[in-house]
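Chains X and A supply the protein sequences, listed in that same order.
Note that the first sequence covers residues 30 to 396 in my numbering.
Note that the second sequence covers residues 30 to 396 in my numbering.
Quick caveat, the hints were computed from the structure, so don't treat them as lab data.
Don't take each hint at face value.
To be verified - Partial selection, computed: residues in chain X whose CB lies under 7 Å from chain A:
1) P61
2) G125
3) L353
Stated by the list, open to error - Far from chain X by the CB rule (all over 12 Å, computed), these chain A residues:
4) A46
5) D50
6) K60
7) V127
8) Q134
9) V135
10) E149
11) A176
12) K259
13) P336
14) G358
15) A373
16) V374
17) R375
18) E379
19) E390
Even for Gly, the Cβ is constructed at its ideal location relative to N, Cα and C.
Protein chains: 2
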Amino acid sequence: MNLIDETIAAIGPLDEAAMRDARDHQARLTKPPGSLGVLEEVSVRLAGLAGQCPPPLPEPAAVAVFAADHGVHAQGVTPWPQEVTAQMVANFLAGGAVVNAFAGQVGARVSVVDVGVATELDAAPGLLRRKIAPGTADMTAGPAMTADEARRAVETGIQVARELVAEGARCLITGDMGIANTTASAALIAAFTGLPPERVTGRGTGIDDATHAHKVEIVRTALTQHGLLKEPSGPKGHGSLRPPMEVLVAVGGLEHAAIAGFVLGAAALRVPVVLDGVIAGAAALAAAALCPDALGGCVAGHRSAEPGHAAAVDALGLRPLVDLELRLGEGTGALLALPLVQGAVRVLHEVATFDSAGVSEKDAGQP
Amino acid sequence: MNLIDETIAAIGPLDEAAMRDARDHQARLTKPPGSLGVLEEVSVRLAGLAGQCPPPLPEPAAVAVFAADHGVHAQGVTPWPQEVTAQMVANFLAGGAVVNAFAGQVGARVSVVDVGVATELDAAPGLLRRKIAPGTADMTAGPAMTADEARRAVETGIQVARELVAEGARCLITGDMGIANTTASAALIAAFTGLPPERVTGRGTGIDDATHAHKVEIVRTALTQHGLLKEPSGPKGHGSLRPPMEVLVAVGGLEHAAIAGFVLGAAALRVPVVLDGVIAGAAALAAAALCPDALGGCVAGHRSAEPGHAAAVDALGLRPLVDLELRLGEGTGALLALPLVQGAVRVLHEVATFDSAGVSEKDAGQP
């Protein structure tokens, strides 16, 4: 069995008994029932993932920033030059980016995984050199990658998840860097959800109206080229029926394939993943298509300003924890959400029950 | 000059030059302009509060849980017995409540301030015994407190802010405990915003339909009793024209008055405040009515499930950072938001600029 199939075979559903224990325990804690809102359900899901209540605290966390370039950059979908991908990788490794500041604040380690940066990168501490190809091909002219490249990128993501967990991480955080990656994300989200390009294509780093209109047409062209554009008259409510690996090959990025593998790898180890923004959302759709149970331990860290991201988290049935119009990527939104996830679990560990604290419960006979 | 007037006189507007510096600096950092969304504006406001860019990191933080009982409890607005206020104070002091778990996670100190708990509380580490009265009077029968009590409660909040800052806190967090305090909060919010009782009265700890309908009528009765119910035919867009201290006297809680003072005291020292939920929102409306500039350094930590809280933050012009259907109080929502506030400021301290990191900026001539 190959690594991908073996990983998927190891992924199981959330443990119902542990989830029941977590719900029961939440109800006994010294607070009004349900008063921690969305965080109670996060704690329940992580109990289900761990198969025990309380689940282990999701710390330390490790963020993997998957970096790759995109052939579709040639189509003029962004005003940023392609070399910024490599320059920002250098910035991450020097500790100067926002992901470093946010990771430092929560004690998370940052690893940068080169799965497809166009230029050659020198070895450096914190850089995992796993380049599959020097960027994807232009998806408007042909497949973005070969089937072999897609498979190897997914495998790389699985391996990185395994390595970080072996080194002690108990919560994995997705990060990404790659100029033009919101264009590939929009194409993937359109393909997986069946939504039209104009619904899922955003302004990325903040492009003007003309560039945005052009970007929508580029996404449409790519989807049409690969037979992935859903007919408006077609059946409602689902997207591509094509195998997810074929969708990745057609319009994906190497980092999307790797992040999909990262999600699968974490799920097989029953370690939670906090997903960042639209790139992670597109990758998670691929992971969910490969193995629906892989999403059980995923938390949507935030809802980004990209419209495709809202569509992705809706399709995945995830409720983002932070919603502050962020559109930076790198893992920054997920890192901001990490204390919320940790707080959700910490409640199950530390908070007293009505019995243990001698606090009266509400009078069920009273109003 | 008395302490309240002296404090208000010391509060100034945000420093425009420091805010401009912060906006300029944000634009030079290695990220797409505006890509940190709402957090960029938080960093700008805190620079304006500090009068320098970058502003000091808002740490360590200290949370003050203002505890008090409410005479309106006698009207059957909640199924929880009044003694739970004192029992939960004991739970806070023993470290067993959610506020303790969340404060521990972010390294914030918890102080409990008894400004009006109905029962006598023994001295204990972490308890500030500043009782003004053993709870308010029933606001449906007369004023909730005397003018002297309201003044002393506001002064107590100012003093607690001063003490915590003197002991090293660089960010203050509001907390609250008091059975029936959402009823008084609804009355205050209706009085200050002019919204009708049914728009601002929520389910608190989770009451049933019948109790909720009764609670709305109790709020309406109290407002009518004190001439604070806005006529539906009256002018739109503003609430009470009555002096804010009179509104506190009529329908406030001792913790509302104290939290209003806490906000004033922090503003005078130019230390940021992260506001918790509906109780803090009601108190912040009083603080803003006493001194609009006092809100400049306030961040709405979260938007609670209480409808009155959404109305309060809207009226205050604040954008809540966390929105997860929390309705616990104690300071828990504000503590969850603290890492977001700290991250917002940390960016100004730690992130490299395009120049310093050698990262290309976007090509303004390109698409």
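Status of each hint after checking the structure:
1. P61: Because about 4 Å separates X/P61 from the closest Cβ in chain A, which is inside the 7 Å limit, the hint holds.
2. G125: 3 Å, holds
3. L353: 4 Å, holds
4. A46: 24 Å, holds
5. D50: 18 Å, holds
6. K60: The claim is violated: A/K60 sits with its nearest Cβ about 5 Å from chain X, within 12 Å.
7. V127: Non-interface label on A/V127 violated, nearest chain X Cβ at 5 Å vs cutoff 12 Å.
8. Q134: Given that some Cβ of chain X is not farther than 12 Å from that of A/Q134, nearest at about 6 Å, it is violated.
9. V135: Not fine: 7 Å to the nearest Cβ puts A/V135 too close to chain X.
10. E149: Holds: least Cβ distance 17 Å, greater than 12 Å.
11. A176: 32 Å, holds
12. K259: 27 Å, holds
13. P336: For A/P336, whose nearest Cβ neighbour in chain X is about 15 Å away, the distance exceeds 12 Å, so it holds.
14. G358: Non-interface label on A/G358 violated, nearest chain X Cβ at 8 Å vs cutoff 12 Å.
15. A373: Not fine: 9 Å to the nearest Cβ puts A/A373 too close to chain X.
16. V374: 10 Å, violated
17. R375: Contrary to the label, A/R375 does not stay out of reach of chain X, its closest Cβ about 5 Å off (not over 12 Å).
18. E379: A/E379 is in fact no farther than 12 Å from some Cβ atom of chain X, at 4 Å.
19. E390: 8 Å, violated
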